[in-house]
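Peer 1: The primary structure of each chain is shown beneath.
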Amino acid sequence: MGRLFAVVVSLIALISAAIFALHTWWLPVDISTHGSRIDRQLNETMIVAGILFVAAQLALAAFVWRFGERGGTRATWPIKVFPGGATPMVVIATVLVGIEILVLTFVGSKVWASVYQSEAAPGALQIDVLAEQFAFYFRYAGADGKFGVIHPEKMSDADQNFFGLDPASDTTARDDIVVATLVIPADQPVALRLHTKDVGHSFYVREVRIQQDFVPGMVIPLHFTATTPGKYELVCTQLCGLGHYNMRAYVEVKSPTDFAQWLKEQAPAF
Amino acid sequence: MSISVLPPMRTSPPPPAVATEPRGGDGRGQVARTGVWIGIGAISMTFAALTSALVVRASGAPDWHHLHLPALLYVNTLVLLGSSITVEIGRRRRAVSGLSLTIVLGGLFVVGQVFAWRQLITQQVAGPSAAFFYVLTVLHAAHVLGGMTGLVYVQHRMRTGVVSMVPYQAAALYWHFMAILWLYLLTLLTIRG
Amino acid sequence: MSEHTGGYERATAAKIAELKHPPPQSFLRRHVFSIDHKVIGRQYLDLALVAVFTGMVLSWLMRLHLGWPDAPIPGLGKIAPAGAAGGVMTPEYYLALMTMHGTIMVFFVLTTAPFAGFGNFVLPIHVGAEDMAFPRINMMSFWVTLVAFLVLIAAFFVGDQPPLSGWTAYAPLSAVGKDAGPGQGWGQTLWGISIAIFCIAQLLGALNFIATTLDLRTKGMSLMRMPMATWAWFITAVIALVAFAVLMPACILLILDRVAGTSFFIPGGLVISDQLQPHTGGSPLLWQHLFWFFGHPEVYIAILPGFGIVSQILPVFARKPLLGPKVFIGCLAAIGFLSYTVWGHHMFLSGMNPFSATLFSVPTLIITIPAAIVTLLWIGTIYGARLRFTSASLFALGFVSVFVSGGISGFFLAQPSTDIYLHGTYFVVAHFHFVMGVAAMFGIFAGTYFWFPKMFGRMMNETLGKWHFWLTFIGVYCIFMPMHYLGLAGNVRRYSAFTDDFLQPLIPLHRFITIAALFTGAVQLVFLYNLIRSRLRGPKAPDNPWEATTLEWSTSSPPPHDNFGGRRPVVTHGPDEYGVAASGGRDYTMQAGS
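Chains as they are written, first to last, in the working numbering: chain A, 1 to 270; chain B, 271 to 463; chain C, 464 to 1057.
By construction, these hints were calculated from the structure, which means they are not laboratory data. Wrong hints could be hidden among the right ones.
As the list claims (entries may be wrong) - Across the chosen pairs, the derived CB separations fall in these ranges:
1. 180/A / 967/C: 45 to 53 Å
2. 72/A / 995/C: 22 to 30 Å
3. 970/C / 124/A: 31 to 39 Å
4. 1003/C / 377/B: 39 to 47 Å
5. 193/A / 314/B: 51 to 59 Å
6. 995/C / 378/B: 54 to 62 Å
7. 339/B / 180/A: 49 to 57 Å
8. 321/B / 1028/C: 44 to 52 Å
Claimed, not checked - Listed next, the in silico DMTMM-like pairs over lysine to aspartate or glutamate satisfying Cα-Cα at most 20 Å (straight line):
9. 641/C / 69/A
10. 231/A / 175/A
11. 146/A / 128/A
12. 80/A / 1050/C
13. 231/A / 963/C
14. 154/A / 119/A
15. 80/A / 1040/C
16. 929/C / 166/A
17. 154/A / 737/C
18. 264/A / 233/A
19. 641/C / 30/A
20. 231/A / 30/A
21. 264/A / 128/A
22. 110/A / 128/A
23. 154/A / 642/C
24. 154/A / 170/A
25. 231/A / 1050/C
26. 154/A / 166/A
As the list claims (entries may be wrong) - Computed far set for chain C versus chain B, every beta-carbon distance over 10 Å:
27. 487
28. 553
29. 680
30. 711
31. 744
A quick note: this is a predicted structure, and the numbers were derived from the prediction, not measured. C-beta: ideal position from N, C-alpha, C; glycine also.
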């Protein structure tokens, strides 16, 4: 039975690892300037974790194979202690995992900091994002370059006033552009401000390697630069109610000239 | 690497007879005290969590207004501190009467708290600081009531002939903790509430 | 052993015994409202058994829906006419099933079975006591747990929908009430009440575990002679005492936000269903902090008893001592301590200060060191063994394998940088199901096969047990390993259907997982059959069927009411005296001599 266990464990470990290694299912192509660093971090973690995974499973399999009783007879061979006792285990675990942790933390925290602890570039395109059950809306400042003030009491889906703007008394709100697709120029930094009008949501675009929660009562900044024109899916990853599975929007990355053209064609909200 | 073998085959000593001595050795006699200490740990953690919630909630919230505590609370405080003294005197004198007096004072404290809540309710005091006030004081009062149950139990046990002082000590310990916890809450609500 | 100064002055020992532990007479006192820790332990396990099959059926329904969203599930339309008219479930009903599955499994299975269930039955015997320190409180703890379970189940049947905010119940979705959509009425309130009650029950339980371990150890049972399982339960109890003491007030605040109009977790200016909410100033992140301060240690509450059970069982069947017992205990303590410093890793992307992500990442990675040491100690214990294969030892070995699989994926989620991509995907689902779901369940299975003879005086069927192991072992890998692949492809979790374009190519993989889940679930019926049949008709168990050393094996199967028949064991040996030359040609020495 020990041999069977060893074979099953080895097969499980090797097949699982092979599917990872062959990238049978893998991340979509990255289209952001920062994403390659995340991918590299993930790949390095995958290699180290993969080795540890296979090594631990095979060691388990090998020992069970070697030291398991066979047939119906009681084993009589002398019992042995692992060479050196527990000390080598402590040393192996501390050194191997410790080095791994140091490397991952050192490199990984730089990657993290480059995305989340940095300011958006000064000339970044400012876009307001509003999440609600179960849709995303995006707001561009319009010709005056200023966003109208948000008034929660004026928010209304029925009147299509998603951001709760007050164009009657707020002149900066009148030329704000509100759309349901996030259109951004390629190779140009964009700075988003994430608002939610009801419950928690999240902003997740796989190809951009970006994810950030919307938190009620907070405005959360997020910035990135997309590189490749195309149409990508933005989905909600924070459970927000019955329509959560269907809460999505598209991100359209356009060449800078196409983007300028698109922006020109957009009618102000009011 | 050398492969070491387990310590040389040794013969185990003859099986010692299973003792027939009475139960009650080891720490058996002091479980009540241990239990109260563990309980104090858990209760402290609960109020620590609420304290941190209060601090987080109060910081940067525009709707936070200081709550003026009803003066009745200070009377209640004296009653509770008095009960702490009676239970301590009772414990030292091994007197059941100390328990009875403490139970009465504890009941008075809870009644006083109820009057303080009613006072606030009639004044229609609302807002986050009031909410924290209610949560903290009601939870504390619930723990005081739990302590009173314990005191009644100890009283009952002492009257029915079990004369161990450990449950008495344990109950007194818990009761002192209730007083200390109350002083802490009063301070917290005065400074941050 | 030091002499205590308290004690029972002037009372005779016989009098104490009579007051302390009267043998129950009536049926009700013996089997229902029993203060006997053995009965209470079995009651906890029975509750967990009901809960685990409930949770499993919920997961079947969810998996069926994910694989074939439009296909009606036979019979479901009758059970839930509102949630699944015609057998096709609505999105909100899916989320309700998911919420109930998570809550039932985490609280009423993974906490009650390995910790409260086995701990209750075994711990007092392990330390040589005749019962828990506070038997009445112990009984109360079980019945309060049962009330919590019934309150949670009641949420299925209240007029509104059952709760759907997930087992994490993030505010404000869970706090604002009916405006937020179905499932936010009474169902969610009952959820909060149930969890608050559950916390009280577990606090009472943890108090008993700690006091019993500290005070009721028999003569000669020094801390270092305590069996590993009892060490694990003891440390788990300390973790639980702190964790549930924090979740309880958090639930109270959540309930007040729902029913009393307070704003602990609800900020101002929220517009839900076009209604401006009458709340101001609350903090949604406060709920997340309080919840995860409990929530992460809860993972260890679920898994550490499994550590202990495996470390107890492996030496018995390897016929040699556990490698490095002191190191092992140190690792348990380190994990227990570190578990309170890592909760923020659930919140990297929550909007908290990004700098603190790095701070939380470091202890999260460091906690893998004691976990890795423990794993190596198990593998090292097998080295040089005379390994015997029983259902119990197979599940213990399987535990090591699935724990490695679940632990390794933690490396990806512990780092904020890789978590950016993997957070909220099936990668997370795979990770926690392996490490706290499957691994803990393997610990429960191992414990069941191991202690069943002691609990019921009858042996389980080993052939069925081994089939159960092989099919379950392969089955769980077929279910949960592919979820990593889904996560890498960006498959978001907590979706009731996959309508997004990019998810369409992943549907076949989902169907594979569904079939594997149905198959593995069906295999559990073999276990259930074995359990019931052995309880009624299994062959009589000897006192010590596994040739083990700890105290429960020195008494009869099942043990008498006071565990040792009016006598008190005196411990003369450590728990792992295997591979020695003892009298009578045996290769082990019992902790209490004979």
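Peer 1: Run the distance test for residue 231/A versus residue 175/A: straight-line Cα separation, threshold 20 Å.
Peer 2: Violated. Residue 231/A to residue 175/A sits at ~26 Å, over the 20 Å cutoff.
Peer 1: For residue 231/A and residue 30/A, compute the direct alpha-carbon distance and say whether it is at most 20 Å.
Peer 2: The hint holds at about 13 Å.
Peer 1: A cut-off of 10 Å on Cβ-Cβ distance, and residue 711/C was said to be off the interface with chain B. Does that hold?
Peer 2: For residue 711/C, whose nearest Cβ neighbour in chain B is about 6 Å away, the distance does not exceed 10 Å, so it is violated.
Peer 1: Within 39 to 47 Å or not, the Cβ separation of residue 1003/C and residue 377/B?
Peer 2: With a Cβ separation near 56 Å, residue 1003/C and residue 377/B fall outside 39 to 47 Å, so the hint is violated.
Peer 1: Does residue 744/C really sit off the interface, with its C-beta more than 10 Å from all C-beta atoms of chain B?
Peer 2: The assertion about residue 744/C is violated, with a minimum of 4 Å to chain B.
Peer 1: Is the hinted pair residue 264/A and residue 233/A satisfied, with a Cα-Cα distance of at most 20 Å?
Peer 2: Given that 20 Å is the threshold and the Cα spacing comes to 24 Å, the pair is violated.
Peer 1: Residue 264/A and residue 128/A: Cα distance at most 20 Å?
Peer 2: Satisfied, since the Cα-Cα distance of roughly 18 Å is no more than 20 Å.
Peer 1: Would you check whether the claim that residue 487/C is not at the interface survives, using Cβ distances to chain B and the 10 Å cut-off?
Peer 2: Label holds. Min Cβ-Cβ 18 Å, cutoff 10 Å.
Peer 1: Can you tell me whether the CB distance of residue 72/A to residue 995/C sits inside 22 to 30 Å?
Peer 2: For residue 72/A and residue 995/C the Cβ distance comes to about 28 Å; the hint holds.
Peer 1: With a cut-off of 20 Å on the C-alpha distance, tell me whether residue 154/A and residue 119/A pass.
Peer 2: 31 Å, violated
Peer 1: Does the claim that residue 553/C lies outside the interface with chain B hold up, using a Cβ gap greater than 10 Å?
Peer 2: Non-interface label on residue 553/C holds, nearest chain B Cβ at 35 Å vs cutoff 10 Å.
Peer 1: Given a hint of 45 to 53 Å, does the C-beta separation of residue 180/A and residue 967/C actually sit inside it?
Peer 2: Since the Cβ atoms of residue 180/A and residue 967/C sit about 22 Å apart, the hinted range of 45 to 53 Å is violated.
Taken one by one, the earlier hints fail for this structure at numbers 1, 4, 5, 9, 10, 14, 16, 18, 19, 22, 25, 29, 30, 31, listed in ascending order.
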